[in-house]
Amino acid sequence: DTGVSQDPRHKITKRGQNVTFRCDPISEHNRLYWYRQTLGQGPEFLTYFQNEAQLEKSRLLSDRFSAERPKGSFSTLEIQRTEQGDSAMYLCASSLAKGLARNNEQFFGPGTRLTVL
Amino acid sequence: EDKVVQSPLSLVVHEGDTVTLNCSYEVTNFRSLLWYKQEKKAPTFLFMLTSSGIEKKSGRLSSILDKKELFSILNITATQTGDSAVYLCAATKTSYDKVIFGPGTSLSVIP
Numbered sequence: 232d233t234g235v236s237q238d239p240r241h242k243i244t245k246r247g248q249n250v251t252f253r254c255d256p257i258s259e260h261n262r263l264y265w266y267r268q269t270l271g272q273g274p275e276f277l278t279y280f281q282n283e284a285q286l287e288k289s290r291l292l293s294d295r296f297s298a299e300r301p302k303g304s305f306s307t308l309e310i311q312r313t314e315q316g317d318s319a320m321y322l323c324a325s326s327l328a329k330g331l332a333r334n335n336e337q338f339f340g341p342g343t344r345l346t347v348l
Numbered sequence: 028e029d030k031v032v033q034s035p036l037s038l039v040v041h042e043g044d045t046v047t048l049n050c051s052y053e054v055t056n057f058r059s060l061l062w063y064k065q066e067k068k069a070p071t072f073l074f075m076l077t078s079s080g081i082e083k084k085s086g087r088l089s090s091i092l093d094k095k096e097l098f099s100i101l102n103i104t105a106t107q108t109g110d111s112a113v114y115l116c117a118a119t120k121t122s123y124d125k126v127i128f129g130p131g132t133s134l135s136v137i138p
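Sequence order for the protein chains is A and B.
Start counting at 1 in the first sequence, then tack on 231, and there's your number in the working numbering.
Start counting at 1 in the second sequence, then tack on 27, and there's your number in the working numbering.
No wet-lab data here; the hints were simulated from the structure.
A portion of the hints provided could be inaccurate.
If you anchor each label on the Cβ, the simulated ranges turn out as follows [as the list claims (entries may be wrong)]: (1) Gln272(A) with Phe98(B): 19 to 25 angstroms; (2) Thr77(B) with Arg246(A): 42 to 48 angstroms; (3) Ser135(B) with Glu259(A): 34 to 40 angstroms.
Note that the Cβ used here is the ideal one computed from N, Cα and C, for glycine as well.
Taking the hints into account, I'd like the entire structure generated from these sequences.
Given below as structure tokens:
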């Protein structure tokens, strides 16, 4: 257990429905990342927060995806009008960035596995 | 476009064998090379490499980075069944610690 938690761990939904996932990072970590991982592939970067500010979004993140981190602590990832191609493991990671400290290790949560029928 | 390539994509060895996993990268504004182990759950951190030629070691695992050839290897000696996992290589960039993962090498260690 890395200290990063995600909820739910599994989600099955029908195509066209909206889903929301939650990530609780390690409490003192100021950076939070979302990744998507499909079978046989490494995690793909989706988006990243420094405190409550969303600083970078991947081109993979279509308009149907939105992420928030309202108080700089937990984060939510919402997918609207889900498609079968959205089926994947959604991973959250957090890290602590200190000033000019580089190469901050990212700690991953257990992931939310989404299946869109 | 940034990319990380790993080889082989899968590998089956017997307990006690030594394995070498390969990772090459083409990443602009490269900062560091990371190795993770993933066993049907979230990746767990193994090594972070920032300098060429300096070997990092943890028990039976070791890794080294060649920044000139844009290459890293992960060695596992005297493999055990508990080493069976997907080993992910990733490169970080200087901007916001963005991480680009490779596809992983699936290692199976059979008794």
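- What are the numbers of the hints that this structure violates, sorted from low to high? Violated: none.
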